[in-house]
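K.L.:
Fit chain D with the ligands to the given chain R structure using the hints.
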Amino acid sequence: MTTNDLTQAAAAAKYGRPARQRMGRDDLVMRGTMGLLGLFLLVAIVLPLYAMLSKSFETFTYRFDTIEFQVSGGEGMPWGKTMNALALGTELDVITPESMVTSNGGRFQATEFFPDFSFRAPTLYRMRNVGEGGGGFMVAGGPVYHADWVEMDGNAFRRAQIRPTESHGIDNYLTYVNTPSLFFSVYNSLFIALTTTFIVIILAFFYAYALTRTCMPFKGVFRIIALIPILAPSLLPAISLVYLFGNQGIMKGLLMGESIYGPIGVVIGSAFWTFPHALMILVTALSISDARLYEAAEALRTPKLRTFLTVTLPGAKYGLISATFVIFTLVITDFGVPKVIGGQFNVLATDIYKQVIGQQNFQMGAVVSVVLLLPAVIAFAVDRIVQRKQVALLSARAVPLVPKPHSRIDKAAAVYCGAIGVVIVGVLGMAFWASLIKFWPYNMSLSLANYDFDVMDGGGWEAYGNSIRMALYTAIFGTAIIFSGAYLVEKGRGFGFGRGLIQLLAILPMAVPGMVLGLAYIFFFNHPDNPLNFIYGSMAILVLVTITHFYTVSHLTAATALKQMDPEFEAVSASLKTPFYRTFAKVTVPVCLPAILDVSIYLFVNAMTTVSAVVFLYATDTTLASVAVLNMDDAGDIAPAAAMAMMIVYTSAGIRLLHALMTKGLHRRSQAWRMR
Amino acid sequence: MTTENQAGNPYLRISNVIKYFGDFCALNDVSIDIEEGEFVCFLGPSGCGKTTLLRAIAGLELQTHGRIEQAGRDISNLPPAERDFGIVFQSYALFPNLSIIRNVAYGLENRKLPKAEIETRARELLELVGLTGQDDKYPAQLSGGQQQRVALARALATSPGLLLLDEPLSALDARVRVHLRHEIKQLQHRLGVTTIMVTHDQEEALTMADRIVVMNEGVIEQVGTPMEIYRHPATAFVADFIGKMNFADGRVSNAGKVKLGDVELSCDTGPHGAGQAVQVAVRPEDIVARDVKAGDENAFAANVADLEFLGSSLRVDLTGPALGGQTLTADLSVNLMRELDLEPGHDVTVRIPAERIALYATGEG
Ligand SMILES: Nc1ncnc2c1ncn2[C@@H]1O[C@H](COP(=O)(O)OP(=O)(O)OP(=O)(O)O)[C@@H](O)[C@H]1O
Ligand SMILES: [Mg+2]
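Sequence order for the protein chains is R and D. So for the first sequence, numbering that gives the first Met the number 0 puts the first residue at 0; every next one is plus one. So for the second sequence, numbering that gives the first Met the number 0 puts the first residue at 0; every next one is plus one.
Treat the hints with care, as some may be off.
No more than 25 Å apart at the CA atoms, straight line, and that leaves these computed lysine to any residue pairs for SDA-like [claimed, not checked]:
{"hint": "1", "chain 1": "D", "residue 1": "K111", "chain 2": "D", "residue 2": "S98"}
{"hint": "2", "chain 1": "R", "residue 1": "K490", "chain 2": "D", "residue 2": "G46"}
{"hint": "3", "chain 1": "D", "residue 1": "K114", "chain 2": "R", "residue 2": "T32"}
{"hint": "4", "chain 1": "R", "residue 1": "K576", "chain 2": "D", "residue 2": "V218"}
{"hint": "5", "chain 1": "R", "residue 1": "K576", "chain 2": "D", "residue 2": "Q89"}
{"hint": "6", "chain 1": "R", "residue 1": "K585", "chain 2": "D", "residue 2": "G324"}
{"hint": "7", "chain 1": "R", "residue 1": "K251", "chain 2": "R", "residue 2": "F344"}
{"hint": "8", "chain 1": "D", "residue 1": "K111", "chain 2": "R", "residue 2": "G23"}
{"hint": "9", "chain 1": "R", "residue 1": "K490", "chain 2": "D", "residue 2": "E227"}
{"hint": "10", "chain 1": "R", "residue 1": "K585", "chain 2": "D", "residue 2": "E108"}
{"hint": "11", "chain 1": "R", "residue 1": "K13", "chain 2": "D", "residue 2": "V218"}
{"hint": "12", "chain 1": "R", "residue 1": "K576", "chain 2": "R", "residue 2": "D565"}
{"hint": "13", "chain 1": "R", "residue 1": "K576", "chain 2": "D", "residue 2": "E227"}
{"hint": "14", "chain 1": "R", "residue 1": "K490", "chain 2": "D", "residue 2": "D135"}
{"hint": "15", "chain 1": "D", "residue 1": "K184", "chain 2": "D", "residue 2": "E227"}
{"hint": "16", "chain 1": "R", "residue 1": "K13", "chain 2": "D", "residue 2": "I74"}
{"hint": "17", "chain 1": "R", "residue 1": "K13", "chain 2": "D", "residue 2": "N215"}
{"hint": "18", "chain 1": "R", "residue 1": "K562", "chain 2": "D", "residue 2": "G46"}
{"hint": "19", "chain 1": "D", "residue 1": "K114", "chain 2": "R", "residue 2": "A584"}
{"hint": "20", "chain 1": "D", "residue 1": "K136", "chain 2": "R", "residue 2": "L665"}
{"hint": "21", "chain 1": "D", "residue 1": "K114", "chain 2": "D", "residue 2": "Q89"}
{"hint": "22", "chain 1": "R", "residue 1": "K576", "chain 2": "D", "residue 2": "R120"}
{"hint": "23", "chain 1": "R", "residue 1": "K576", "chain 2": "R", "residue 2": "T32"}
{"hint": "24", "chain 1": "D", "residue 1": "K111", "chain 2": "R", "residue 2": "V414"}
It should be emphasised that the hints constitute simulated quantities derived from the structure, not laboratory data. It should be emphasised that the depicted structure is a prediction, and the values quoted were computed from it without experimental measurement.
Next up, chain R with everything else stripped away, as it sits in the complex (with noise of 0.2 Å):
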């Protein structure tokens, strides 16, 4: 204890207990309005957060030993002796320990007890439970819960299942480990994350030096094709390269052999997508370099490459440690790219989706989940850490570096940027091509045909109509409530133990990859005891999840905003006794809509591209572009799958163009008050 500490205790002895200012009609509506918030995030993470971390711990067992059987020869005839299920099926070889370790839909014939069991023979069955509850095994159709003899003639027993019984513990996470194919995915999915991020990593950075510190020319074009993956959805990349180096690829030979469904792929399709994430981090650490090091370098006549190693590379260090953190959780997270060109090579994200969607094993799904947020949270929590030292480093006066033109150098990043453009401008051109073709590699000739969605499974027309509805509310509905949450952490006065819980609940989303809040989410919605229920199935849960998923960024931008405005607002507001929701409308809204406009279109572009998050939610009345891609793909329909893919990407382009527009336009009208 400190001596004031010990003056706070005497004068709070001396006066009594510190003063509490009454609340006012202001504060009333800010802490109402809070506590819907934070009531949204409660539901909309943090509880289908541990609905799925308590169904990773929910265990399905055959209790064989609390049923017993009894056999009788016909109608009329003595019972047998009474048989224990455990000790029959242990005694016949039919169980094992490890088969009594089942899932939620697991079923166990009762028949396969009696190896010589025929349905059309006189023999009469009966079972029954002894253990507490019952319930262990079903008879037509429904689960037998009392303790009485069930009898049965061989056509009822022939349906007859033994049902496992819920409990808890951590036997999912043991047989997660004990079983090498899902095992060896860790394996995996580190591989691809870390090669992906080592080769992104350096790709990207030469790529922001070259736009940040050369005088190269067409600056402005290479900066747009950079950010083109942005547009598309993770599968398109994987579609192009089925065209490029696939079975029929046109540029098969390159692979030397090696099959482009696998790893190769993987890396590649990711390494595609992620870098406008990594060169966006990277060209704004570059950016913020403070040119009189430059200036202190070349009056010492440092050689080029020892300022390089020593200033530029340091200068960059918290950028580089973030983006790589950023592009490791992208790939690692991602289901896009290794659902479609993996092939067989596993790795979390697709391991996911098969527990759910082929074997209905929610439980395992539930656990693989867990072990793909580990990294996904560690990364997220270094990078957090990392930012608010990059924060510090902006804010410091720093002389903007202004690059001198060096024709040598200057060449060799024209070059550089050009060949990575191609690539991108080729394998997005690959798509678009392939989506135009009738029918590959057999009749190149050009035709709509593969946009006539309506004639193939996977959605049609309306799939895209969806995903526009989709991206329109979450656009919408996203941009109000992450917008007024920002503003209430930012501007709430008092009320600290609030704003701070819900500033952490508003930085969580990001640490959580999409199939995991998917997979929440089925758990927490779809429980029948949720009163939320009705949303499971319906375009309210696609939005929420969408929604929750961008939450963090969008919250980022808005809060950025919001701090720039002057703190005093709020108290001039109170003094002319207008209400704090008045002032929020007439000033806060209209000084930060450049920040909104970005917000929502963030929102917009993420909801049209994603499917990591949607695809265990939709119905067959919502299903989504993006899912229809994914579907068409697993079809076999792979150049319908290209066109959708492109579909997502005309729209976001047009959405972008639209947002740059409206932006320049809003700049032209505010122009008069934004001056500074």
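P.N.:
Showing chain D with the ligands alone in chain R's frame:
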């Protein structure tokens, strides 16, 4: 503008206000009474708690303990919106996307007045602060001084009983600042609105305030008119902080006598008893050199250690055995320099009028 006021009670009464930020005590038992229509300055070094006190009055920062009454009403626990004040911040916090007139009208628009009436009132206010013909400009299109005026007009629009100004002039350049000082003071006088202004600029406080509250490290050192504060600083801190002040170590020899080096000076020794070590404080302009003869009361010979020419006056550092080797700085006129042939190394006889000597216990301030 005035609410009913019980006879004898001040307009604003701050009693025993204590404010903690965690373990840090920003205001330590602060009490002041402010009369209706007064212009009061909170003056003190950076971090002394001026802004915190102002914000506590506004309800923007809640005091940990203590009571605040305004116009006879206990406002200690009221949220800002339920208190009666207008405020101008250092940043002005003008709404950037609203025109000047809309900024000023902002507080009126909420009152369901007819549109025309709001317009008229806002225009009047802009006129009042000397801004006409700029109604439709945006804040970013105005100079700092003009923005200042808009902020003032906006704060006055709702006719608050109390005007709070937090360093309203510190973001302006020196000439505009001097000009605006005068204008704000006049405006305040005309409207008669009780005003509290926070500043760390003593000149600003001395020229504008009816009364000054000098603060240091969360406590009030002295409250008084500018003249009282300047002439009779209550503590060594105030003496040092306001204006220029010489401090020399001395010892009370007898009641009414203090010994400083070799010389013994007459002065009011107040509560300090014989033999007590004290700090002897003298303002540079109170050291007299004209027409001083050895043998005059409080006269002594000193040696010119250094001269600094300041234009209209001279800053002279005096030392010598009379001062026990300590240095006193005197402000003397330039004419005197010629008359007395002042030069470094020369001797000069000076006198300190007894009533201009203040004593402070050593270890204080
Ligand atoms: N929100 C806060 N949390 C913690 N400490 C604070 C907070 N606000 C102020 N303080 C501390 O309280 C002390 C007084 O702050 P205050 O802003 O009142 O000073 P000031 O006298 O207005 O100074 P300045 O002239 O620099 O504006 C300072 O030491 C400051 O660091
Ligand atoms: Mg201050």
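K.L.:
Hint by hint, note whether the structure agrees.
P.N.:
Quick rundown of the hints versus the structure:
Taking the CA atoms of K111 (chain D) and S98 (chain D), the gap is near 20 Å; set against the 25 Å cutoff, the hint holds. With a C-alpha separation of about 24 Å, the suggested pairing of K490 (chain R) with G46 (chain D) holds against the 25 Å cut-off. With a C-alpha separation of about 31 Å, the suggested pair K114 (chain D) and T32 (chain R) falls outside the 25 Å cut-off, and the hint is violated. Taking the CA atoms of K576 (chain R) and V218 (chain D), the gap is near 31 Å; set against the 25 Å cutoff, the hint is violated.
At roughly 20 Å between alpha-carbon atoms, K576 (chain R) and Q89 (chain D) fall within 25 Å of each other, so this suggested pair holds. In summary, the hint linking K585 (chain R) to G324 (chain D) is not supported, as the alpha carbons are separated by about 67 Å, beyond the 25 Å threshold. For the hint pairing K251 (chain R) with F344 (chain R), the CA-to-CA distance comes to about 19 Å; that is within 25 Å, so the pair holds. At roughly 20 Å between alpha-carbon atoms, K111 (chain D) and G23 (chain R) fall within 25 Å of each other, so this suggested pair holds.
For the proposed pair K490 (chain R) and E227 (chain D), the alpha carbon gap of about 43 Å is over 25 Å, so the pair is violated. Pair hint K585 (chain R) plus E108 (chain D) holds up; C-alpha atoms about 12 Å apart against a cutoff of 25 Å. Among the hinted pairs, K13 (chain R) with V218 (chain D) is consistent with the structure: their alpha-carbon atoms are about 18 Å apart, no more than 25 Å. The suggested pairing of K576 (chain R) with D565 (chain R) holds, with an alpha-carbon distance near 18 Å, which does not exceed 25 Å.
The straight-line distance between the Cα atoms of K576 (chain R) and E227 (chain D) is roughly 38 Å, outside the 25 Å bound, and the hint therefore fails. With a C-alpha separation of about 28 Å, the suggested pair K490 (chain R) and D135 (chain D) falls outside the 25 Å cut-off, and the hint is violated. With a CA separation close to 20 Å, the supplied pair K184 (chain D) and E227 (chain D) stays within the 25 Å bound. Straight-line distance between C-alpha atoms of K13 (chain R) and I74 (chain D) comes to about 21 Å, which keeps the hinted pair within the 25 Å bound.
About 23 Å separates the Cα atoms of K13 (chain R) and N215 (chain D), which keeps this hinted pair within 25 Å; it holds. A threshold of 25 Å between alpha carbons decides the hint, and for K562 (chain R) with G46 (chain D) the separation of about 23 Å falls inside it, so the pair holds. At most 25 Å may separate the alpha-carbon atoms for a hinted pair to count; K114 (chain D) and A584 (chain R) meet this at roughly 20 Å. Distance restraint check for K136 (chain D) and L665 (chain R): the Cα-Cα separation of roughly 18 Å lies within the 25 Å cut-off, and the hinted pair is therefore satisfied.
Between K114 (chain D) and Q89 (chain D) the alpha-carbon distance is near 30 Å, which puts this suggested pair outside the 25 Å criterion. Pair hint K576 (chain R) plus R120 (chain D) holds up; C-alpha atoms about 17 Å apart against a cutoff of 25 Å. Our distance criterion of 25 Å between C-alpha atoms is met by K576 (chain R) and T32 (chain R), whose separation comes to about 20 Å. Restraint check: the Cα-Cα separation between K111 (chain D) and V414 (chain R) comes to about 66 Å, which exceeds 25 Å; the hinted pair is violated.
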